[in-house]
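Enquirer: Input sequences plus hints: build the corresponding full structure.
Residue numbers (the numbering used here), protein chains in the order written: chain A, 106 to 268; chain B, 106 to 268; chain C, 106 to 268; chain D, 106 to 268.
For the record, the hints were derived by calculation from the structure and aren't laboratory data.
Just so it is clear, the structure is predicted and the values come from calculations on it, not from any experiment.
Certain hints may be false.
Treat identical chains as interchangeable: a pair holds within one or across any two.
Only pairs whose alpha carbons sit at most 25 Å apart, straight line, appear in this in silico SDA-like list of lysine to any residue [as the list claims (entries may be wrong)]:
1. K139 x D219
2. K260 x N146
3. K157 x P131
4. K254 x T163
5. K260 x D148
What follows is the residue order along each chain.
There are 4 protein chains.
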Amino acid sequence: MKLTVINTGGTFNKVYNPISGELDVPTHNLALQKILDVTYNLDIELITLLSKDSLDITENDRQTLVQCIQNCSNENIVIIHGTDTMHLSAECIAQHIGNKKIILTGAMIPMSIDETEATMNFSLALGFLNAPIQNGIYIAMHGAVVSYKNIAKNKEQGKFLVQ
Amino acid sequence: MKLTVINTGGTFNKVYNPISGELDVPTHNLALQKILDVTYNLDIELITLLSKDSLDITENDRQTLVQCIQNCSNENIVIIHGTDTMHLSAECIAQHIGNKKIILTGAMIPMSIDETEATMNFSLALGFLNAPIQNGIYIAMHGAVVSYKNIAKNKEQGKFLVQ
Amino acid sequence: MKLTVINTGGTFNKVYNPISGELDVPTHNLALQKILDVTYNLDIELITLLSKDSLDITENDRQTLVQCIQNCSNENIVIIHGTDTMHLSAECIAQHIGNKKIILTGAMIPMSIDETEATMNFSLALGFLNAPIQNGIYIAMHGAVVSYKNIAKNKEQGKFLVQ
Amino acid sequence: MKLTVINTGGTFNKVYNPISGELDVPTHNLALQKILDVTYNLDIELITLLSKDSLDITENDRQTLVQCIQNCSNENIVIIHGTDTMHLSAECIAQHIGNKKIILTGAMIPMSIDETEATMNFSLALGFLNAPIQNGIYIAMHGAVVSYKNIAKNKEQGKFLVQ
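Expert: See the structure below:
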């Protein structure tokens with residue numbers, strides 16, 4: 106299967122900075138790469154579009170993301186995105202693109218701190234794309250892969266829950 | 106989504122035994138449980154059927170597995186299985202069961218040694234089950250979820266590859 | 106060997122909070138306990154005195170720490186402490202206590218994110234206490250165990266360096 | 106402090122081989138290097154002498170080890186060694202060398218599986234060498250650093266215990 110993965114940053118990628126004591130969004134793809142290294146049956150194009158906490162993603166950034174998707178030759182697309190504004194980006198993409206299978210995913214816990222949740226969320230998207238699904242904009246988080254309209258982040262619980 | 110997970114053992118579950126210096130298949134589900142803990146949108150029934158290296162799985166064990174599946178009220182089933190005889194079990198299940206969505210998965214690297222591959226393989230199955238798939242016997246490994254007939258383990262490379 | 110370990114908090118103990126996205130100093134001793142679990146030859150008394158980032162440690166806290174040490178029946182004491190004010194606490198202890206072997210240690214990287222540095226720093230202290238050392242106030246960090254007067258944190262590099 | 110680290114192999118270094126499903130002693134020093142990377146205050150010479158399970162270490166290998174130590178310009182020496190024959194090597198070294206501070210260490214759990222025990226054992230040795238100790242042959246394991254004559258491996262418990 107051919108697939109484009111677009112990395113926009115977010116908690117999924119964050120790494121601890123021992124100097125500042127903070128978690129930074131790095132410009133590298135080490136978190137993602139560790140997963141991709143064992144996907145022997147996929148032909149993946151990896152695009153590092155942004156390296157931002159999703160609270161810092163602007164409307165301009167979303168236009169850039171839409172253009173990036175429009176320029177993709179692959180119809181299967183997974184987007185790594187911060188969780189706080191994942192829905193805003195999903196809505197923006199939905200307004201412009203209807204002819205692809207696009208799945209947004211991310212993590213509440215950085216891959217560099219604990220690999221389970223980030224790996225699961227991303228791999229849910231890969232598993233879903235292996236099936237005969239319809240074009241659309243989906244979110245893959247916490248065991249579910251559904252239309253972005255049918256899932257929401259519960260900020261108090263730190264969970265994405267199907268509505 | 107309702108789902109039954111049947112654990113039969115295999116490398117996925119193995120843990121290091123400091124006394125013997127060997128990797129044992131434990132009777133507990135700690136590896137699996139760590140993943141299930143972040144699948145907030147799934148209603149999972151977990152059955153620990155066997156705790157065996159797959160080279161030790163007998164025809165009797167396979168009959169037990171078939172009966173276990175037949176007794177499941179859920180139609181979505183994921184089976185954790187050792188990689189060496191995953192195909193034999195898949196074939197045995199295919200001979201007896203046609204009315205469920207059954208995905209076998211496992212790992213080349215124990216979850217307790219590195220979480221990425223085991224989590225990915227299992228989560229591929231979860232993602233695939235989120236899609237409108239047909240009844241059948243599938244294998245989810247290394248980025249692919251396909252009919253068990255269309256994927257094989259390459260023992261020299263330690264990879265499951267789509268044929 | 107008998108030994109008292111006093112946990113005052115600091116980066117050594119920090120754990121990621123998925124709800125806030127921040128690293129918190131927990132009130133538990135899980136980081137420390139993971140190391141203590143394999144120190145089969147030590148008779149350790151563990152005291153959780155404070156759970157603070159060291160920038161938040163007050164003069165009152167330091168007096169509490171001094172009293173805690175004075176009340177210890179053990180002469181071997183290891184203190185887990187944040188790195189930013191480790192020296193202030195060392196100086197305060199030095200002004201009041203001269204009849205014990207006291208080693209302050211901590212970490213630049215939380216044990217929960219990467220176990221190597223935290224485990225090394227703490228174990229340096231344990232190794233040093235196994236030797237026939239003189240009473241004094243020492244700091245164990247980054248390969249060195251020396252009088253607190255002879256080592257300093259280089260904030261730009263994130264390293265404790267012997268002066 | 107100047108220090109020579111001699112790696113002879115053993116469980117400390119073992120890594121999982123996904124093809125064979127076994128734990129191999131690698132010829133690289135990745136386990137050790139991860140610890141050395143945060144010992145900013147040490148001037149370390151690293152010698153990879155052997156890469157063997159300690160049950161496979163021969164008398165010839167021990168003579169090679171003795172010669173390696175005799176050729177060291179540093180008087181502080183830490184030896185990474187498998188746990189099963191650590192005592193045989195310690196005795197052999199004691200028969201030939203009296204003018205150095207030599208500490209044997211290792212691990213019951215590979216660094217690549219869990220970093221805590223291996224890092225602790227090695228760092229005990231580093232901490233001990235920071236103190237004004239006498240020349241001798243020591244073993245650093247499980248919280249203790251004592252003469253090799255005063256500690257023994259309890260094979261049933263998987264622990265080194267001071268006698």
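Enquirer: Are the hints correct? Go through all of them and say.
Expert: Status of the hints after comparison with the structure:
1. K139 x D219: Classified as both: same-chain Cα gap 13 Å, cross-chain 11 Å, threshold 25 Å.
2. K260 x N146: between (36 Å within a copy, 16 Å between copies)
3. K157 x P131: within (8 Å within a copy, 28 Å between copies)
4. K254 x T163: For K254 and T163, the Cα distance is within 25 Å only inside one copy (21 Å; across copies 47 Å).
5. K260 x D148: between (35 Å within a copy, 21 Å between copies)
In summary, this structure violates none of the numbered hints.
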